[in-house]
Amino acid sequence: MLNDVTVFDFETSGLDPENDRVIEMAAIRIRGGQIVGEFSVIVNHPDIEELPDKITEITGITTAMMRSGMQERMAFQILNRMMMGGDTLLVAHNAAFDLAFLHFSLQRLAGRSFSNRFIDTLTICRERHTYPHKLENMCERYGIALNDAHRALNDVYGCWNLLQRMHEEEAVDVFLNRLGYLRKYGPPQWSPPHAELFVTDNRYDNKRIS
Amino acid sequence: MQSGICERIWQLYKDDPEKFKAEVTVYFALGYPGWRVVRTNYAKRIIYLRDERKRSLDI
Numbered sequence: 049m050l051n052d053v054t055v056f057d058f059e060t061s062g063l064d065p066e067n068d069r070v071i072e073m074a075a076i077r078i079r080g081g082q083i084v085g086e087f088s089v090i091v092n093h094p095d096i097e098e099l100p101d102k103i104t105e106i107t108g109i110t111t112a113m114m115r116s117g118m119q120e121r122m123a124f125q126i127l128n129r130m131m132m133g134g135d136t137l138l139v140a141h142n143a144a145f146d147l148a149f150l151h152f153s154l155q156r157l158a159g160r161s162f163s164n165r166f167i168d169t170l171t172i173c174r175e176r177h178t179y180p181h182k183l184e185n186m187c188e189r190y191g192i193a194l195n196d197a198h199r200a201l202n203d204v205y206g207c208w209n210l211l212q213r214m215h216e217e218e219a220v221d222v223f224l225n226r227l228g229y230l231r232k233y234g235p236p237q238w239s240p241p242h243a244e245l246f247v248t249d250n251r252y253d254n255k256r257i258s
Numbered sequence: 885m886q887s888g889i890c891e892r893i894w895q896l897y898k899d900d901p902e903k904f905k906a907e908v909t910v911y912f913a914l915g916y917p918g919w920r921v922v923r924t925n926y927a928k929r930i931i932y933l934r935d936e937r938k939r940s941l942d943i
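Chains as they are written, first to last, in the working numbering: chain A, 49 to 258; chain B, 885 to 943.
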């Protein structure tokens with residue numbers, strides 16, 4: 049199941065995958081248990097005059113840092129090369145968010161999308177554990193060191209370690225291409241055509257509460 | 885690890901190599917503290933970094 053995996057993470061200029069932009073991306077590709085590729089870059093967007101203060105506060109990425117970042121098209125070309133070649137399984141925490149940004153970015157830049165299988169570690173966490181389920185919460189629960197959360201490469205390593213630990217406990221195969229969404233928020237704005245969506249609730253002390 | 889920078893800095897690669905090195909060093913010290921620039925590939929526009937964070941903790 050986890051023989052060929054690409055774990056990735058985006059930091060973005062906002063929450064709208066159609067109109068906001070990826071300002072940092074990171075990915076690691078793992079084959080046969082070995083990390084065979086590692087990529088992390090801050091992405092420049094000349095048309096973004098100033099990053100919102102909130103985004104800088106969350107990500108640590110300033111407008112000045114973004115200005116010296118890599119050109120968007122080149123960044124996605126490199127990321128795309130990492131995800132191609134073989135049937136690599138895409139993995140992210142809250143994959144609905146990252147996959148939507150991946151889709152709309154590829155559409156805009158290359159006129160196409162992706163077709164990889166995927167796994168969402170957030171979906172697994174909601175099904176197996178009580179709230180809270182943020183990546184930093186889950187890493188703490190599993191004793192996984194996570195420094196500087198919300199910097200993409202750190203989150204990618206945290207997500208990979210989390211997936212491995214959860215897979216060791218119980219195989220994650222059943223979560224292939226499945227996206228759970230909270231009832232109160234409704235289904236994601238966009239999801240991959242091959243995704244199986246299902247409604248779920250946060251659990252607090254073994255009681256499901258909507 | 886592979887990373888990258890803006891074209892403005894890449895333009896210095898041939899025009900002013902010392903300034904190129906300085907700007908790359910400053911950029912990654914700010915953006916990726918603890919990572920050291922080990923190699924640059926101008927043709928592919930890739931910068932290769934090494935994670936020095938664990939090494940700095942070794943006593």
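A couple of the hints might just be wrong.
[To be verified] For the chain B half of the interface with chain A, some residues (derived, Cβ under 10 Å), not all of them:
hint, residue
1, Gln886
2, Ile889
3, Cys890
4, Tyr916
5, Trp919
6, Val921
7, Val922
8, Thr924
9, Ala927
10, Lys928
11, Arg929
12, Leu933
13, Glu936
14, Arg937
[To be verified] Interface residues of chain B toward chain A, partial, derived using beta-carbon atoms under 8 Å:
hint, residue
15, Ser887
16, Gly888
17, Glu891
Source of the hints: derived by calculation from the structure; they are not laboratory data. Ideal Cβ placement from N, Cα and C applies to all residues, glycine included.
Results for each hint:
1. Gln886: At 5 Å from the nearest chain A Cβ, Gln886/B passes the 10 Å test, so the hint holds.
2. Ile889: This interface hint holds because 6 Å falls under the 10 Å limit.
3. Cys890: holds (5 Å)
4. Tyr916: Holds, about 7 Å.
5. Trp919: OK, holds: Trp919/B within 10 Å of chain A, min 9 Å.
6. Val921: With Cβ-Cβ at 13 Å, over 10 Å, it is violated.
7. Val922: violated (13 Å)
8. Thr924: violated (13 Å)
9. Ala927: Check failed: Cβ of Ala927/B comes no nearer than 12 Å to chain A, outside 10 Å.
10. Lys928: holds (9 Å)
11. Arg929: Hint holds; Arg929/B Cβ to chain A Cβ min 6 Å, cut 10 Å.
12. Leu933: holds (8 Å)
13. Glu936: Violated, about 14 Å.
14. Arg937: holds (8 Å)
15. Ser887: It holds, given that the least Cβ distance between Ser887/B and chain A is near 5 Å, below 8 Å.
16. Gly888: This interface hint holds because 4 Å falls under the 8 Å limit.
17. Glu891: Status holds, d = 6 Å.
Checked against the numbered hints above, the structure violates hints 6, 7, 8, 9 and 13; every other hint is satisfied.
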